Amino acid sequence: MTSPELLTHARASLALHTVRKATGGAVGHPLLLLHGLGERTPSTLPLGYEAWPGAVYGLDFMGHGSSTIPLGGGYTCELLMADADAALAHLGPATVAGRGLGAYVALLLAGGRPDVVRGAILLDGPGLAGGGPVPGSPSVIAVNPDHVAPPDPFALAELTRDPRPPDYATNFARQVTQMSTMEDPITVCAVGRPPWLEAVAAEPGVVVSSLADALAAYARTT
Amino acid sequence: MTELVEEERVSFPGATPPHRTRTVSSDGLGIAVHEWGDEGAPPVMVAHGGFDFARTFDVFAPLIAAGGWRVVAWDHRGHGDSEHAHLSSWDADVRDAMAVFDATAPGPLAVIGHSKGGALLLQLAESSPHRISKLVNIDGMPSPRPHPDVADHQRTRLMASELSGWLDSRRTAAAAQRKPGTLDELAQRRARMNPRLSHEWLRYLVSVGARRDADGWRWKIDPTMRMGGFGPWRNSWSLERLSGLAMPMIGLLGLIPEQMGWGTEPDELRPYLPAGGQLVAFEDTGHFVHIERSTEVAELVLDFLGSPR
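Sequence order for the protein chains is A and B. Be aware that the first sequence starts at 1, since it is given in our numbering, and climbs by one per residue. Be aware that the second sequence starts at 223, since it is given in our numbering, and climbs by one per residue.
Any given hint could turn out to be false.
Covered by chain B, per the in silico footprint, the following chain A stretches (three or more residues, Cβ under 8 Å) [to be verified]: (1) 20 to 26; (2) 74 to 87.
Sample of chain B residues with no beta-carbon within 12 Å of chain A, all distances over it, derived [stated by the list, open to error]: (3) 242; (4) 253; (5) 306; (6) 350; (7) 392.
These are calculated hints, taken from the structure and not from any lab test. Since we're looking at a predicted model, the values are computed, not measured. Glycine included, C-beta positions come from ideal geometry on N, C-alpha and C.
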């Protein structure tokens with residue numbers, strides 16, 4: 001993997017990696033990979049993506065991989081959506097495949113940019129459930145200041161506590177299905193079904209399918 | 223007339239700058255702390271509202287200090303003189319508050335919070351009841367009412383505009399700057415958020431909450447911050463926990479609705495109050511109760527807090 005492109009989101013620098021260039025002169029839109037909680041962009045193309053004809057990129061979220069580690073935390077999935085939007089601003093229209101935390105962010109991003117996301121693929125991975133549908137008892141988290149990051153221990157702590165109410169997630173899913181010009185703009189491939197994803201998968205216009213079928217379908221869209 | 227002269231002559235009746243300032247590290251982020259009163263007096267912690275800053279207490283805090291308290295207020299991250307963070311969130315603000323508590327005194331402390339600051343302190347009281355002895359909430363009590371409902375198709379359009387507008391603002395945040403202006407212009411702009419407060423007061427706030435750049439005054443607040451926003455949070459979540467608080471608590475409500483207020487009605491809130499919890503409603507008063515009626519509110523708060531010793 002070559003050196004990442006550095007993108008700017010407010011005061012942070014975000015690493016956008018080229019995981020694989022387009023194959024055989026393919027000219028279709030790219031695929032953007034969003035990693036799970038605590039992960040980073042893979043250095044080689046993960047299994048299951050070989051058939052994607054276009055370029056494959058991966059974004060390191062803030063506090064992860066080669067991106068900025070913020071002082072004093074403050075993570076929300078909405079802010080990670082804006083991280084991912086910085087990648088869209090750079091790449092233009094793209095299919096987005098997210099694992100775990102990245103799957104939830106991919107849904108939010110598709111809702112925020114239904115005209116730019118050319119299909120959102122929601123996959124299993126770390127951080128899929130977040131903090132559950134409602135917050136637990138509040139607590140003030142503390143992290144070990146000597147912990148070596150990345151990943152930022154605040155990200156690991158905060159993004160496993162963020163509430164993800166099913167109706168909040170379906171609001172985003174409806175934004176996508178109502179405003180996207182695509183026929184099937186969201187595909188759920190995850191086996192795990194935390195409440196937010198169970199609700200999204202049951203929405204009209206959301207497809208439940210395999211990664212291979214989702215990639216094939218989205219590669220055909222313009 | 224130089225701007226320095228202009229800055230020097232801005233004053234407001236009863237407004238007193240903090241007697242001491244310091245910086246507390248919240249996991250490496252600098253949080254500015256402002257204090258009024260005798261350093262050896264018992265502390266009372268004071269939290270400001272969203273888009274405000276600690277020095278909005280320049281009139282109210284000295285009144286509490288005169289009652290024998292060491293008033294400790296801090297600027298939330300990105301506000302006032304505190305550092306501009308990469309990220310901001312509700313939980314991070316609560317954590318910053320705890321860092322200021324820890325740097326001030328161990329054990330339970332009396333607290334006063336206005337608006338968002340009141341709601342932050344409610345969460346701190348729920349998460350860390352051992353750190354709060356008495357709680358004053360000034361027009362920052364959760365409202366039991368859900369947001370007004372709108373038709374589905376209208377909601378979709380509203381949400382699309384809100385989301386894309388917010389994402390667009392994040393795309394340009396790196397270069398964002400507050401708009402410069404004269405003291406009077408900034409005071410007039412702030413009057414849109416604070417329509418019931420006098421121009422003289424708002425002009426004073428500019429002199430302590432803005433900085434003088436070569437091209438004019440700019441609010442110090444982090445230019446990447448934006449009013450409004452969205453997220454999964456529901457009023458009902460904090461409301462349901464309110465009745466579980468055990469420390470003495472008083473809530474003050476301003477009954478005149480205004481943009482920065484939360485529209486909480488006393489009768490709707492009463493069923494959720496903890497045992498012994500008090501609610502005082504102020505007629506003919508807006509969201510900034512402690513500014514509009516500083517003397518009356520200070521007397522009420524001092525009476526509630528009791529003897530500082």
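Evaluation of the provided hints:
With 0 residues having a Cβ less than 8 Å from any Cβ of chain B, the stretch 20 to 26 of chain A misses the three-residue criterion, and the hint is violated. For the stretch 74 to 87 of chain A, the stated coverage by chain B holds: 9 residues have a C-beta nearer than 8 Å to a C-beta of that chain, and at least 3 were required. With 12 Å as the threshold on Cβ separation, the claim that residue 242 of chain B sits away from chain A holds: the shortest Cβ distance comes to roughly 23 Å. In this structure residue 253 of chain B is not separated from chain A by more than 12 Å, as the shortest Cβ-Cβ distance comes to only about 9 Å.
Residue-level check failed: residue 306 of chain B sits 7 Å from the nearest beta carbon of chain A, not beyond 12 Å. The beta carbon of residue 350 of chain B sits about 6 Å from the closest Cβ of chain A, which is not more than 12 Å, so the claim that it is off the interface is violated. Some Cβ of chain A comes within 12 Å of the Cβ of residue 392 of chain B; the nearest lies about 4 Å off, and the non-interface call is violated.
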